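Numbers in the numbering used here are just positions in the sequence shown, counted from 1, shifted up by 980.
It is worth saying that the hints were derived from the structure and are not from the lab.
Just so you know, not all the hints are guaranteed correct.
Calculated pairs, DSS-like style, for lysine-lysine (alpha carbon to alpha carbon, straight line, at most 25 Å) [to be verified]:
| id | residue 1 | residue 2 |
| --- | --- | --- |
| 1 | K1121 | K1027 |
| 2 | K1085 | K1012 |
| 3 | K1097 | K1199 |
| 4 | K1085 | K1199 |
Predicted model only: the values in this text are computed from it and were never measured.
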Amino acid sequence: MSIQRDFNAIATSGHLDEFQGHTIAKEFKSPKFIYLPTLRTAHSLYKQIDQKTDSSGNISEYIYNKIEDDIFVDTVRKNYELYEDIDIFTGVHLYNEILDARNSKKEKRSRFETFEKFISQYFFDGKAIEIIAEFNKGANKKGDNTSEIISIHIEGEKHSRNLYHLGDGVQALILLMYKIFMADNDSHIFIDEPEINLHPGMQRLFLEQITSNQYLIDKNITYFISTHSNHFLDLTLEEENISIYSFYADLDEEGEKKLIIKNVNAGDNEVLKSIGVNNSSVFMANCSIWVEGISDRLYIRAFLKSYCFFIGENYPKEDIDFAFLNMQVAIWIIIF
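Produce the entire structure from the sequences given, and follow the hints as far as they go.
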């Protein structure tokens, strides 16, 4: 009753008169959902449609046609019954997306240029690059789409490089980061096994970008990542804005499968056991720095960065040139 009296008092006080005749509403928009399944590739897919033979009857040339349909997307939608409003990105249409991005309005072109700067900084020593979706208009008119390839022109190099000539790790990271850089603000991005084809150093680079890159932070993207990588688990323990959960399948008394979800905290070695981490699977870099805990990593990392800046040297790549090892984790590995 007191709430009713207070409301009546406000209504009769005249404070709400200025809002008469106005509609007071707040629009809530559903975030865009983007899914990167394990079924993904940066390669265009081709099908052999014919072959040529020489005068001796030996095969001299195979004739191919690029597969335009994204059969990966169709497969994922069919197997997992995903709705059409979920943007499934497999990379099969990466060529089309780059072609569209380079010929779109300024906002989209600006996102793509920011993505190119990221690739330039971390893979080509800061040299200016251009990622091009090449095509031959005359060949396309004749139905030949094999000239549709993705190439990268690097400052100072005479010839462009085809994307498929780059290492698998670089291609995998380009595939992951492209969709993130091009995503709308407030998107929800779901990624299955981002560690595929990524060695520990690139796994760190991926995680550092989505958690520390200011351009990506400003996008306010929420990430949902499934992984079996012990390196990802180790890296995320230092982050305050990351929650880790383990998922286990078990059978109840009636033989029905049930899913057990458990929050993972620092120092919980059970999750490492569940993914089969052992002596041979724990990464050892060129140089190992033994520490007692996470805070030691932060201090030593800051000292190293300051020292490198002082002597004018580039900061070495963590998990490639050097790696931090927790003494407690190392002891656990030795015992078991």
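#### Entry: Index of numbered hints that the structure contradicts, given in increasing order
Going through the list in order, the structure violates no hint and respects every one.
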